[in-house]
Amino acid sequence: MMYEVRDLQLSLPDMVRKPLLGPAPKIDILKGISFDLPKKSVLGIVGGSGSGKSTLGRTMVRLLEPSAGHIKFDGQDVSHMGEEKLRPLRRRFQMIFQDPMSSLNPRQRIGRIIAAPLELHGWDNVAQRAIEALVMVGLPESFAKRYPHELSGGQRQRVGIARAIALQPEFILADEIVSGLDVSSQAQVLILLEDLVRELDLTLAFVSHDLSVVRRLCDQVIVMREGLIVENAPTATLFTSPQDDYTKELLAAIPLPDPDQPFN
Amino acid sequence: MIAYLSIRNLSVSLSNGPEILRSISLDVDAGEVHGLVGESGAGKSIIGKSVLGILPRAMGITSGEIWLDGVNLLSLSVAQRRRRIGALAALIPQDPLTALNPSRRIGPQITRRLVGILGWSKSAAQARALELLKEVHIENPEHVMRSYPHELSGGMRQRVLIASAFAAEPKLIIADEPTTALDVTVQKQILRLVGEMQARHRTALLFVTHDLGVVSKVCDHLSVLYAGMIVEKSQMRSFFAAPSHPYSRALLAASPKYDDLSGGLVPVPQAVIDQLDGEITAFDKGSRT
Amino acid sequence: MLCSIQSYAMRDTRSEIRPKLGIRLWLCGGWLFCLVLGALFAPWISPQDPLAQDLFAARLPPFWVAGSEPGFWLGTDSLGRDVLSRMLHGARLALIVAFIAGTLTCLIGSTLGIFAGYYQGWADRVISRFIDIWMAFPPVLFAILLIAVIGTGMTSIIIAIIIIDWTRFTRVVRAETMSQSVMDYIASAQVAGRGKFSTMVSEILPNLLPTIVVLLSLEMGIAVIVEAILSFVNLSISTDSPTWGGMIAEGRISIHQAWWVLVFPLIALFLTVLSFSQFGEGLKDRFDPVLR
Ligand SMILES: Nc1ncnc2c1ncn2[C@@H]1O[C@H](COP(=O)(O)OP(=O)(O)OP(=O)(O)O)[C@@H](O)[C@H]1O
Ligand SMILES: Nc1ncnc2c1ncn2[C@@H]1O[C@H](COP(=O)(O)OP(=O)(O)OP(=O)(O)O)[C@@H](O)[C@H]1O
Ligand SMILES: [Mg+2]
Ligand SMILES: [Mg+2]
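In the order they appear, the protein sequences are chains A, B and C.
End of the first sequence = 267 in our numbering, gap-free, step of one.
End of the second sequence = 291 in our numbering, gap-free, step of one.
End of the third sequence = 279 in our numbering, gap-free, step of one.
In case anyone wonders, no lab produced these hints; they're calculated from the structure.
One should not assume that every hint holds.
[Claimed, not checked] Straight line, CA to CA, 25 Å or less: simulated SDA-like cross-link-like pairs of lysine to any residue: (1) A/LYS34 - A/ARG228; (2) C/LYS183 - A/TRP126; (3) C/LYS271 - B/GLY62; (4) A/LYS148 - C/ASP275; (5) B/LYS173 - B/GLY121.
All chains, please: the whole structure from these sequences, using the hints.
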């Protein structure tokens, strides 16, 4: 198993309701999440906006510390591991963030942004590897010299993808990474990811609102709602015979590229 | 009769030469939704930024006209243009997190425009903001008004920006991929809301998106962009019935459809790209002579 | 290559864009550069000894007015001392104070600000509380008190300026750091395995630099003013070495007989403060990649 997640709970301090003195009350964001993610598989995470998908992702790569429950990465319990002990593991799991602009340092060139993590883990030839990663996601080499604000939204999103795959991690959490790409680039990136899963034994957790993409890419899907998993099923089962009402509602709301589809 | 927003032969280029937009023309009438689809990096966002006069410093408009509400914006002085745009138009930007000020609460960021530009009273603006947040289906709007941007989820931030664009009842909205972070049920509700707003205020809407499914639900017309050039402009229904340009056909073929496992997930074929590159070279030659 | 995956790179015809130096940067930079040169080489380029009095050559007008004498380009004061030479020597003190006080204030204030804003927790609580208490005192009074206790002199001026102004740096840098720390690129550095301190230095600091540079150059301008004010009220260094503030004070007395004694130092002071305040903005305009 790449990941074993058991009864994962997370609460964050609610700064809005924080009294002037004393600690802030907590809001529960994840309320007990359990699932298994086998190696070399693709897990789709779908669900309502604000249901805690990104927070789950951040907890899995240990940007956040769970308030209860366990996360096992490749057999090791990482739920409360300190930053020092986590560091050697960090190369092995990566996250691609939802908001591409804010995940790129505005005052670093793209080449630097991709190369920095490689350097940190003591790789050689980092500039060359950074350029290779850029080319793999379909961007020209010359973009290495640009700053993030000089790119279009979709180009920035691909830089985020390049940064994560350059490290050749074993696990990538991809948070909404194809929503800003045109369908053709989307296809390229998805094919790339499929190849990485097949050839480099990558395990992927794929957060997306695009259920058509999820159906094409994922082996297993979890549907989240308000911090809970309402359905966890193999992709084919989920799409052909959804059990939960919320899943059915989601499936019914997918807009198809067809003006005659009944909608509303 | 001139359309509410009319862009004519607009060309934009970088200060050191390369062209970003190549003689773009499009019309959006009041009460109409015009979709912009196309390659990522084709210049869709730059079209919106040219209209609103917020181009990056390294870019400039080299030729063309932008008519908004019967006035050519490019013939106005900078101050006049800014005032006119401030009163008539609003943008739903592509990057929700960076468009919001990280160190200010959400509430003032929505009401600022109402109070500052349109001269509303503070309490009226506050009430309006709450009402709008409810309309974009944010639960617990009071809480959200007092949160900081990083305490919201991606989709919530995007809805906050949609609400603040609607706040001042603008006559023109430029929506730059406004539903990328929304789940399909919320997206459906937002699209319905957009439809209602349109009907009520006869807003002209320029709608940038990559999702042809969304296009087929809201747009009346659409333009397909590639490398700063409009390769096809058609009516929505005729586009889906029979796209005329091979690039449009390739895009439709590449669109993933959840109910059809065999379709989708094919990049645009090299032959089509070669043809497009040929068209661009021909265009550049033509414009130079 | 990672694996044999076909790539579809797009065209890119753009080359690097280099913005031009703005007129503002030229003017401010030019004036400051001349001033620094003048101050550095004052002993060699001054036409006269700045302290030499000559009552027979008192109140000579500047060179273009009838009755002027060669060698006293900007005239002399009521004791017959050459105004230009005194201004050049006065610039030394003004600039030394500006650079040392500005830099120290900036270093102290920004360091506290970035630590408070980034580490938050108790570091932030201690520093913020301290600023609140500090701001409750009128710092100018505090500075004058300090000079009264430890005496006049350049060190006192510099310490006084630091006391008055470090909080400005701390507050601005702290706020800016806090808004940068919630950006995902910080989380991204953590995911890549970068340590906390290293993230602060290599990810956040470059994003604060434009703000810090603007504040620093503003602060140097303020230091020049503070130095001039303190010399004006004679709380600066010993009375015999020339200072702009001291010259202005003397010139004020003889304004009706010799306006130049007042006007030239005033102009120099004004231009210097203006240049400092605009120089930072100009640098940011030219060198901040995000503004291109
Ligand atoms: N730092 C924080 N402080 C307080 N609340 C937070 C914080 N971060 C997230 N939340 C709350 O947690 C909930 C889940 O957020 P999350 O970003 O995980 O949602 P999501 O499923 O990714 O949604 P979306 O699809 O819109 O991106 C939201 O209600 C959000 O307001
Ligand atoms: N500040 C800038 N300097 C130089 N080039 C830029 C700048 N901003 C954008 N570009 C380039 O202009 C082109 C058009 O960008 P634009 O943001 O309009 O694309 P887009 O069609 O909105 O794409 P997406 O769907 O990915 O958002 C891109 O190729 C981009 O690299
Ligand atoms: Mg999210
Ligand atoms: Mg865009």
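Open item on the list: Need the status of pair B/LYS173, B/GLY121: alpha-carbon distance at most 25 Å?
Closed with: Given that 25 Å is the threshold and the Cα spacing comes to 18 Å, the pair holds.
Task: Straight-line alpha-carbon gap C/LYS271 to B/GLY62, limit 25 Å - done: holds, 21 Å
Open item on the list: C/LYS183 and A/TRP126 were given as a pair; does the straight-line alpha-carbon distance stay at or below 25 Å?
Closed with: Judged against 25 Å, a Cα distance of about 21 Å means the pair holds.
Open item on the list: Does C/ASP275 sit within 25 Å of A/LYS148, going by the straight-line distance between their CA atoms?
Closed with: holds, 15 Å
Open item on the list: Given the hinted pair A/LYS34 and A/ARG228, is their Cα-Cα distance within 25 Å?
Closed with: Roughly 10 Å between the alpha carbons, so the hint for A/LYS34 and A/ARG228 holds.
Checked against the numbered hints above, the structure breaks none of them.
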